[in-house]
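2 protein chains.
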Amino acid sequence: MVSYKDALEIIKNEIQKLTLHQEEVDLLDSINRILAEDVTADTDMPPFNNSAMDGYAVKFSERKKWNIIGEISAGNYSSITLTKSDAVLITTGSKIPASADTVIPIEDLDVEGKTVSLKPAAKYKKGINIREKGSDLHSGQIAVNQFTKIGPKVIAALASCGKERVKVYQKLKAAILSTGDELIPVIQKPSEDKIRSSNNYSLYAAIAEVDHSPINLGFVKDDKNIVRQKIKDAFEMDIEILITSGGVSVGKYDFLKELFKELGVKEKFWRVNIKPGKPLYFGVYENKKKKILVFGLPGNPVSSLVNFNVFIKPAIDYLYHQTPIIFLTAVLQEDLKKRDNKRHFSRGFIFKGSGEWSVTSKYSQSSGSLVEMSRANCLIVLEEEKLNPVKGERVKCFLI
Amino acid sequence: MVSYKDALEIIKNEIQKLTLHQEEVDLLDSINRILAEDVTADTDMPPFNNSAMDGYAVKFSERKKWNIIGEISAGNYSSITLTKSDAVLITTGSKIPASADTVIPIEDLDVEGKTVSLKPAAKYKKGINIREKGSDLHSGQIAVNQFTKIGPKVIAALASCGKERVKVYQKLKAAILSTGDELIPVIQKPSEDKIRSSNNYSLYAAIAEVDHSPINLGFVKDDKNIVRQKIKDAFEMDIEILITSGGVSVGKYDFLKELFKELGVKEKFWRVNIKPGKPLYFGVYENKKKKILVFGLPGNPVSSLVNFNVFIKPAIDYLYHQTPIIFLTAVLQEDLKKRDNKRHFSRGFIFKGSGEWSVTSKYSQSSGSLVEMSRANCLIVLEEEKLNPVKGERVKCFLI
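Chains as they are written, first to last, in our numbering: chain A, 5 to 404; chain B, 5 to 404.
Worth flagging that the hints you see were computed from the coordinates, not collected in a lab. Mixed in with the good hints, there may be bad ones.
No distinction is drawn between identical chains; accordingly, a pair holds when it is met within one copy or between any pair of copies.
What the hints assert, rightly or not - Distance condition first, Cα-Cα at most 30 Å in a straight line; then the derived DSSO-like pairs of lysine-lysine:
hint : residue 1 : residue 2
1    : K171      : K270
2    : K137      : K346
3    : K356      : K270
4    : K265      : K137
5    : K356      : K341
6    : K9        : K272
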């Protein structure tokens, strides 16, 4: 049995050996993808001195009155030459005439016919309200770094750099297979000792939610021959990750570990000192052509999803240089039972109290409580040495 | 000019009048959609008493030794009848025989041939390690509430309720039109006083990121006839929201406000006491068949995206009953200039310092600094009455 930290390190160490492939996509198709290149500005940004306000452009002096000699709006520049007595009406974003150096906002001015004068109470300084050419970025400088996740603000920067198409990393392809004699399809109603197969849905959604490509292999019975064939088929697929659920605990029905070995998977660890999700298996399948990370998650729906959140998601984030999980510190609203030296990931509901964050752990901590988990919004991290945290204690949480 | 709070209230009041349409989708296609129905459990969850551990099921007594009379694994129930001297090997999740009431974990037991005995140091109590039928939820109870956003944990609950298809709300359709004589296509290189059109990209991505449907209408010159026709066409489309950028400031090129009026849009407000993004226009177009919310955002790329984040996103969240923006309190790392009584949304970069959150505002606050904004990860909210916050002060931030 390995510790949580060691297990995560082992996974990170293996995932970073995957080859990241690139592809080029249209800018509008790049949303939520990871940029695979540094994108540099091909022009100064802004490309010209422009006005930060609607106002009048002047050549700075001590004057308080000017003759209006023209106007410039965005996209309608005219190269007017100003003397100290001249002013040009200019709108926000418009290019400033070379001979002007100051923009006085319209609210500080009175206009009368062809003259404009400073309001009695108003003042102005040389150089105000001008956004200088290149003040945001100079031509040739990096505008957006490789490994940036592309969202609304980044896409605007990429558009401004002239990137109609961008290089992004291909999505990881992760196949999901559930195993278990107890599983029935969602459309059937459970009878006797059967339950509906939900892990292929939740793990599919989990992969999709982190913007990678899930492949649903469905579920199969605990029949060694069937499972073997399914895994063999998966290893023939163009995937980087295989996630199974079920069959990794102890006992004659938990034969996945042996099957993986038989099929050439190198076991990296089995069982982690955490709760829920202890029986986690991790191995690597490799041949000349490919490398597939193999995660054998426990069959329990709560455990498998917790394992995804605390191992697979952080590892994928690490591979793509994404900011790791944001932890929030919150005040525990009830005592929590923890009598062992495992690391616990307890289901909680975090909310903003008066000032501080609060987290309630009223949700059942049973790994059988799937509906209860679906109502939680965070996992509370209780480290190995922590025992029985009490109401009022501050605990570390992250959103799920 | 209205205050930020009033402006947001006006928008919320109008958006809530939109009719929310429903559609039915396959469960795997429901990721990130909003559930349009309460989903009830059609069976107890779990559907039967089952074991929370790998262990031996017994009928509770003071005994410390039992005869092994059988085994039950998940999905392989057999209705064994136990006496007080009997034990049945049982795996996690397996149905408990009716005559057993307690599961002793395997790690507390020694097995020798056909007998199993309690380890000298181990203890057990009546009823332990049994997940009772219906303990998560009873048949007929609501498992997932209407307006829940469907993610991995919720999809598992829906699958367990037998929902192969679910009713979700249709996505909002939002058309995006940029206006401005200064705009050129992304593929062209800016010369003279032109800039690349980036707002249609960023606003498209912003709508997509909140899981609704953007429609890109591109950009047009500040020509009243062309813009009029474009808006008329948009009003013929099947959309709920029209977002324009540019043309809402002061001056003869800012004619959108008048055009909206001419085309029958009822103005709800124009100009909000905020920075950046003051010239925001909001109105409602309505005829017998439809209602379209019209947002006239300023043309400035930073301002338009800030406006989206502080008005349109919160309003959409409100319409779909989603948790509003999470605010974080962070320690300001530098003095920030704020000399007016506007509400400011300053670009910042928030990070976890030692214990508390910290936020640096080193990013240029010029609304011309698009690249700088693309590197920010939050907006710092400086309320109207707040002036010149200083290094070390605690400020309210939200992630963007």
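Each hint, compared with the structure:
For the homomeric pair K171 and K270, neither the shortest alpha-carbon distance inside one copy (33 Å) nor that between copies (44 Å) is at most 30 Å. In this assembly of identical chains, K137 and K346 lie within 30 Å of each other by CA distance solely across copies; the values are 27 Å between and 58 Å within a copy. Taking identical chains as interchangeable, the C-alpha atoms of K356 and K270 are never at most 30 Å apart, the minima being 45 Å within one chain and 37 Å between chains. Taking the shortest Cα distances, K265 and K137 never come within 30 Å of each other, neither inside one copy (63 Å) nor across copies (37 Å).
For the identical chains of this complex, K356 and K341 are neighbours both inside a copy (23 Å) and across copies (28 Å), given an alpha-carbon limit of 30 Å. Within a single copy, K9 and K272 get their C-alpha atoms as close as 14 Å, which meets the 30 Å cut-off; across copies the closest is 55 Å, which misses it.
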